[in-house]
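What follows is each chain in one-letter form.
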Amino acid sequence: MADQIFKAVILACTAFIGLVFLWILGEVVVKGISHLSFSFLFDAPVNSGRAGGIAPILVSTLMIIIVAVSVSVPLGLGVAVWLSEFTKQGQKFATSTRLTLDVLAGIPSIVYGLFGNAFFCIYLGLGFSILSGGLTLACMILPIFIRTCEMGLRTVNDSWRKGALALGMTRTAAIWHILLPSATPAIIAGLVLGIGRATAETAALIFTSGYVDRMPESFMDSGRALAVHIYDLSMNVTGGDHAAYATALTLIILIVFFNIMAQFMMDQWLGRKVLSS
Amino acid sequence: MTQKQPPYKADKDNQDERAIPYTLGNLEAGEPCCIPKAHLQVQNLSVSYNNITVLDDVSLDIHKGCITALIGPSGCGKTSFLSALNKLTDLTASAEVKGSILFDTQNLVSDKIDVMALRRRIGMIFQQPNPFPLSIWRNLDLPLREHGFRNKSVRRKKIEKSLQDVGLWDEVKDRLQDSALALSGGQQQRLCIARALVLEPEILLMDEPCSALDPISSCVVEELILRLQGKYTVIIVTHNLAQARRIANYAAFFWMKERVGKLIEFGQCQHLFETPKDDLTAAYISGAKG
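Protein sequence lines correspond, in order, to chains A and B. Under the working numbering, think of the first position of the first sequence as 1, with each following residue one higher. Under the working numbering, think of the first position of the second sequence as 1, with each following residue one higher.
Calculated directly from the structure, the hints in this document are not laboratory data. Keep in mind that the hints are not guaranteed to be accurate.
[As the list claims (entries may be wrong)] Simulated restraints on C-beta separations:
| hint | chain 1 | residue 1 | chain 2 | residue 2 | range |
| --- | --- | --- | --- | --- | --- |
| 1 | B | N107 | A | N157 | 32 to 40 Å |
| 2 | B | N151 | A | T170 | 47 to 55 Å |
| 3 | B | M256 | A | K92 | 31 to 39 Å |
Each residue gets a CB set at the ideal place from its N, CA and C atoms; glycine is no exception.
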């Protein structure tokens with residue numbers, strides 16, 4: 001009896017969450033799809049986005065993400081490897097690094113935006129630019145990415161580590177050929193989480209990559225991200241609702257696409273090296 | 001099959017007819033050990049973790065080309081002893097090794113040692129077979145590459161020979177690119193032995209290599225270890241006294257005294273089992289203790 005009630009309750013929870021998710025997705029799809037077209041993706045916005053398309057915004061978004069990912073992946077992997085392979089248990093510096101990362105992972109993105117504005121835009125003189133925005137996002141996704149990768153590396157079978165060293169292999173070889181490839185699923189999960197957060201980010205980007213909806217010509221140009229565009233259309237532009245929904249739909253499609261790409265590329269890069277069974 | 005059976009294995013006769021469904025390769029074994037010649041000289045070796053001593057004051061000679069079995073109950077420092085020999089104790093930050101281990105002219109405890117080169121000369125097999133999550137081929141290829149074998153055909157010859165030596169070649173030659181994790185437990189353990197042998201070590205450390213295997217696989221691995229005698233110096237930790245008796249030339253009996261592992265008795269296997277000098281040894285091998 002108790003078993004059945006419990007089962008019913010968890011089933012209800014699942015159904016509820018599923019429905020809410022479907023509702024959100026459904027609303028975006030239903031309201032956005034009529035406005036989504038080929039020209040919407042390839043035209044520049046007209047009249048603050050009420051008409052025209054989102055081409056420059058798509059390009060800016062992609063550029064911001066390229067910056068964020070290409071900075072955070074190598075850095076993050078480096079730190080994760082250091083944390084899981086080169087620190088001793090209870091080492092103070094490592095423990096405080098982990099704590100710092102966990103705190104950083106929980107900081108609201110707008111704080112990253114303020115930091116990015118002060119550091120990248122003003123102190124480093126990068127101004128409102130795609131580069132500033134991308135670097136700010138890199139700072140934001142690094143903590144989660146590092147911790148996910150570290151966990152992944154920690155769950156790698158320890159006997160492989162020992163086995164490799166007992167064969168007189170260097171640590172570098174063990175990490176490069178065995179440990180990192182085995183941790184690929186966790187690395188992908190971290191990357192997907194990070195990209196998801198970065199693509200959906202608004203607050204951190206308003207202060208760093210800016211508002212400009214022109215086609216960016218370089219990474220030093222200001223550029224408006226998709227999420228910023230949605231925010232602007234729905235808050236500041238009357239009559240921009242359908243464009244906002246269409247942009248939101250594009251954003252969702254883009255995130256799904258990125259996730260698949262991330263999975264595919266990591267598999268190609270690392271996963272092909274290992275064979276589970 | 002030029003390998004001579006060690007002369008003193010009385011209980012071996014009726015085991016020759018054991019049906020083994022595998023064929024082992026023709027390992028080029030040297031002479032069985034007759035003249036004891038120390039390959040490793042261990043003197044006053046102590047191992048401690050977090051300042052808690054687990055192994056205290058062990059001195060013994062490991063003879064070249066012989067199989068030395070380390071027996072004794074769990075937790076008496078046998079594995080720590082093995083790990084000290086190839087400096088795998090370095091992995092544990094809190095581990096401290098004292099005393100001396102002489103290998104050639106080097107003292108493995110105090111001298112500055114190139115551990116990578118050392119571990120190539122002193123291979124290790126673990127209790128749980130630990131093939132890498134790579135193809136069967138790459139499991140052997142990777143260590144060779146890491147030790148600087150650039151020439152592909154040289155590597156191929158070495159790998160093939162090594163797989164033949166452990167009797168795995170016929171079983172895997174058609175699926176060398178398949179995952180090593182798809183092999184059975186016994187095959188995995190033989191692959192690990194092949195992976196150690198491919199680097200042509202002088203000494204092989206084995207930490208209960210059969211205990212995670214089913215009886216038949218265990219039998220095959222045991223047979224294989226017996227064939228290593230002569231060419232390799234083997235140090236094997238085992239909880240299986242019958243196995244120690246069957247394969248070892250020398251045996252060392254470890255026991256916990258006041259929570260510290262000690263070497264109680266060391267000598268020729270036959271002597272240790274038939275005429276033990278120490279009462280503890282006698283009690284342990286008769287099953288009265290342990």
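Next item on the list: Run the structure past the numbered hints and jot down the numbers of the failing ones, going up.
Entry: 2
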